[in-house]
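**Q** Model the placement of chain D on the given structure of chain L, informed by the hints.
From first to last, the protein sequence lines are chains L and D.
If you use my numbering, the first sequence closes out at 863, no skipped numbers anywhere.
If you use my numbering, the second sequence closes out at 850, no skipped numbers anywhere.
Quick caveat, the hints were computed from the structure, so don't treat them as lab data.
Even glycine gets a Cβ: it sits at the ideal position worked out from N, Cα and C.
Fair warning: there could be bad hints in the mix.
[Unchecked claim] Pairs of lysine-lysine residues, derived as DSS-like cross-links and limited to a Cα-Cα distance of at most 30 Å, are as follows:
(1) L:Lys859 x D:Lys692
(2) D:Lys492 x D:Lys619
(3) D:Lys542 x L:Lys777
(4) D:Lys594 x L:Lys863
(5) D:Lys583 x L:Lys859
(6) D:Lys287 x D:Lys692
(7) D:Lys370 x D:Lys703
(8) D:Lys692 x L:Lys863
(9) L:Lys777 x D:Lys751
(10) D:Lys594 x D:Lys489
(11) D:Lys689 x D:Lys287
(12) L:Lys852 x D:Lys413
(13) L:Lys762 x L:Lys845
(14) D:Lys413 x L:Lys859
(15) D:Lys476 x D:Lys370
(16) D:Lys286 x L:Lys859
(17) L:Lys762 x L:Lys863
(18) D:Lys620 x D:Lys583
(19) D:Lys413 x D:Lys692
(20) D:Lys751 x L:Lys762
(21) D:Lys751 x L:Lys859
(22) L:Lys863 x D:Lys542
(23) D:Lys542 x L:Lys762
[What the hints assert, rightly or not] Label pairs and their calculated CB-CB ranges:
(24) L:Ile817 x D:Ala504: 25 to 33 Å
(25) L:Pro812 x D:Ala782: 33 to 41 Å
(26) D:Asn258 x L:Arg840: 29 to 37 Å
(27) D:Ile704 x L:Ala848: 42 to 50 Å
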Amino acid sequence: MGSTEQDKVWAETQASPEFQDLKRSYRGFAFPLTFAFLVWYFLYVILTAFARSWISTPVIGNINIALILGLLQFVSTFLIMWLYERHSSHKLDAPSEKIRDHVDKELAK
Amino acid sequence: MNSSTLSTILFAAFVAFTLVLVFRAGRSTKKSSDFYDGGGSFSGFQNGLAIAGDYMSAASFLGIAGTIALFGYDGFLYSIGFLVAWLVALLLIAEPLRNSGRFTMGDVLAFRMKQRPVRGAAATSTMVVSVFYLMAQMVGAGALVSLLLGISDPNAKSLIIAGVGILMIIYVTVGGMKGTTYVQIVKAFLLMIGAILLTFMVLWTFHFNISELLGAAAEKSGKHAAFLEPGLKFGKEIIDPTTGLLDAGKTLISKLDLISLGMALVLGTAGLPHILIRFYTVPTAKAARKSVNWAIGNIGVFYLMTIALGFGAAALLSRTDLFRGYKVDVTGCLMDAKGAAIVDGSANCTTLENVANLSADAKKMLVPIDPSGNVAAPQLAEFLGGGHGTTGGAIMLAVIGAIAFATILAVVAGLTLASSSSFAHDLYANVIKRGKASPEQEVRVAKISAIVIGLISIVLAIGAQGLNVAFLVAIAFAIAASGNLPAVLFSLFWKRFNTRGAVWAIYGGIAAALVLLIFSPNVSGAETSLLKLSEVGFRFDYFPLANPGIVSIPLGFLFGWIGTITSNESNTQKYAELEVRSMTGAAIGKAVQH
Numbered sequence: 755m756g757s758t759e760q761d762k763v764w765a766e767t768q769a770s771p772e773f774q775d776l777k778r779s780y781r782g783f784a785f786p787l788t789f790a791f792l793v794w795y796f797l798y799v800i801l802t803a804f805a806r807s808w809i810s811t812p813v814i815g816n817i818n819i820a821l822i823l824g825l826l827q828f829v830s831t832f833l834i835m836w837l838y839e840r841h842s843s844h845k846l847d848a849p850s851e852k853i854r855d856h857v858d859k860e861l862a863k
Numbered sequence: 257m258n259s260s261t262l263s264t265i266l267f268a269a270f271v272a273f274t275l276v277l278v279f280r281a282g283r284s285t286k287k288s289s290d291f292y293d294g295g296g297s298f299s300g301f302q303n304g305l306a307i308a309g310d311y312m313s314a315a316s317f318l319g320i321a322g323t324i325a326l327f328g329y330d331g332f333l334y335s336i337g338f339l340v341a342w343l344v345a346l347l348l349i350a351e352p353l354r355n356s357g358r359f360t361m362g363d364v365l366a367f368r369m370k371q372r373p374v375r376g377a378a379a380t381s382t383m384v385v386s387v388f389y390l391m392a393q394m395v396g397a398g399a400l401v402s403l404l405l406g407i408s409d410p411n412a413k414s415l416i417i418a419g420v421g422i423l424m425i426i427y428v429t430v431g432g433m434k435g436t437t438y439v440q441i442v443k444a445f446l447l448m449i450g451a452i453l454l455t456f457m458v459l460w461t462f463h464f465n466i467s468e469l470l471g472a473a474a475e476k477s478g479k480h481a482a483f484l485e486p487g488l489k490f491g492k493e494i495i496d497p498t499t500g501l502l503d504a505g506k507t508l509i510s511k512l513d514l515i516s517l518g519m520a521l522v523l524g525t526a527g528l529p530h531i532l533i534r535f536y537t538v539p540t541a542k543a544a545r546k547s548v549n550w551a552i553g554n555i556g557v558f559y560l561m562t563i564a565l566g567f568g569a570a571a572l573l574s575r576t577d578l579f580r581g582y583k584v585d586v587t588g589c590l591m592d593a594k595g596a597a598i599v600d601g602s603a604n605c606t607t608l609e610n611v612a613n614l615s616a617d618a619k620k621m622l623v624p625i626d627p628s629g630n631v632a633a634p635q636l637a638e639f640l641g642g643g644h645g646t647t648g649g650a651i652m653l654a655v656i657g658a659i660a661f662a663t664i665l666a667v668v669a670g671l672t673l674a675s676s677s678s679f680a681h682d683l684y685a686n687v688i689k690r691g692k693a694s695p696e697q698e699v700r701v702a703k704i705s706a707i708v709i710g711l712i713s714i715v716l717a718i719g720a721q722g723l724n725v726a727f728l729v730a731i732a733f734a735i736a737a738s739g740n741l742p743a744v745l746f747s748l749f750w751k752r753f754n755t756r757g758a759v760w761a762i763y764g765g766i767a768a769a770l771v772l773l774i775f776s777p778n779v780s781g782a783e784t785s786l787l788k789l790s791e792v793g794f795r796f797d798y799f800p801l802a803n804p805g806i807v808s809i810p811l812g813f814l815f816g817w818i819g820t821i822t823s824n825e826s827n828t829q830k831y832a833e834l835e836v837r838s839m840t841g842a843a844i845g846k847a848v849q850h
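Looking at chain L on its own, in the form it has when it is part of the complex (with noise of 0.2 Å):
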């Protein structure tokens, strides 16, 4: 198969709705998501520089604002993880190899 073809079975494939609605599905999740986990980060970055004295309020004992607020920091990446994990696992792996296979047997022809 010469360049010319392979490069039609790549648009094709790109064009195709299938493809279009892989790309939608995983950018929708994936460009939200990190919008979101960034400015939770920042948020937190931002208020340890300029919300001293409300940061520092002790809330269970020692236990402050501040480290609570960090350890939040912890939960939110893993159940974005996890969140991640699942929406992939179940929306985006089948229709991602089935594609791949249509586009591998179609190079080969």
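**A** Quick look at chain D alone, frame taken from chain L:
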């Protein structure tokens, strides 16, 4: 048997064991491309452990524990930044990178671009980032060994740096990616065991009551509640010495510096070449995703434990122990920075035993042997084992010391592998030989360049022994976030992106980070600078932040964008291929046709 001997024996056992693994990996390597990706056949779990082993450097283990022990809460900011950073890698980079590249970061960047300029830029930034990171680790190795074994002779330190360098060259040239991966897996396992053991012992001491631990740390630190709040190290409130009032301008700069550090931490990781190439060691994107999940699990648990390690050290050890004592002259008198005996009251000499009795003014003149508290974790281990001079203490110190060595070795091997791969695959095969090199030639060049890069880093690290390890790590992260991350993200997600954009993003981002660092207080203008103000008498610290990220990272993206829109080049065909490949893994592992 003292802890130095025991530590040496344990470390020798680790080296012997990993060398066996590496030589066996070397023998089982069949294809020459296995040098780069270890055959691409590791499982997600194995690679997850290896990523953790590649990522958690001595700076993480010793540096964060030390920073928390000395400055309290602020050290924890590193833990958070280093962990959250993995979400960038997970959500945006690991899977598409695995699907569209083969061996190096340059594979993805050059996919739809003109090969020579983009691969040249990719190889340059890979080597710059890796060499700074290598220097940091090797300088850290020299310092650590001298602290743990009580060696202060500079020649012996240099010898240790050379030894670490030679070992990493052997790991990489003999074992390639497969051997290096084994070393990293073993190291990650040991590091987790060590940290879990220490954490358990700390929590046991404080009846599994975190609040009690924090309270004890705050009390012992002498800073009380402030020790548990942000602000002792980063984003300090600066008081104007003449008026005694808050200096609003300087305080704002100090807070921006904190945000800038946070930015480099969270955006740097996904631009570190030695981390990126780890995604190629698994067969599919799904496995790459699983490996990041495992890595996040490991790294997250580890960084949570830094709370117990750091605050535990603060609560249980004396300040003198955390600093590994203060500088004394030959007669045992405490010295100030200029080498004169510290005079306090009627006594004309104060010894280490009486350090607690010094006046506050005299205490300020003390010179800590280890101002960054890098030995907090090993010292904590000794204390928990029973204390100095006990068998239990000696065993614990030796075990944790040996784990710290192992940590350094695994990381330097990963860095050497990343830079030699990029030299051979990007620069030699695609720039110099224009894609006409045979795989065998390529791997021969990779091995030679591993030796050369290893030797260069040995020389640089020996010369750089006076530099601050955290500073060198910060440079590596700032460059990775400013040059590599914009280029990788634009490549994967922006259709219009092109050769000029990639080249400008990389060189522009690196240059912005380096120039800002040169004109920062890291290099001149203060007593803590590379060029001490009192010694050189001139300053050029025109950029007030110690961390360049807040300016250089947006600049990297901006350069990439300007480069792209000022060039007409755009390869829609190749972008179609890249997009389909990166999302699906079609034609995975097959060379890209140009």
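**Q** Of all the hints numbered above, which does this structure not satisfy? Sort the numbers upward.
**A** Failing hints, ascending: 4, 5, 12, 14, 15, 19 and 26.
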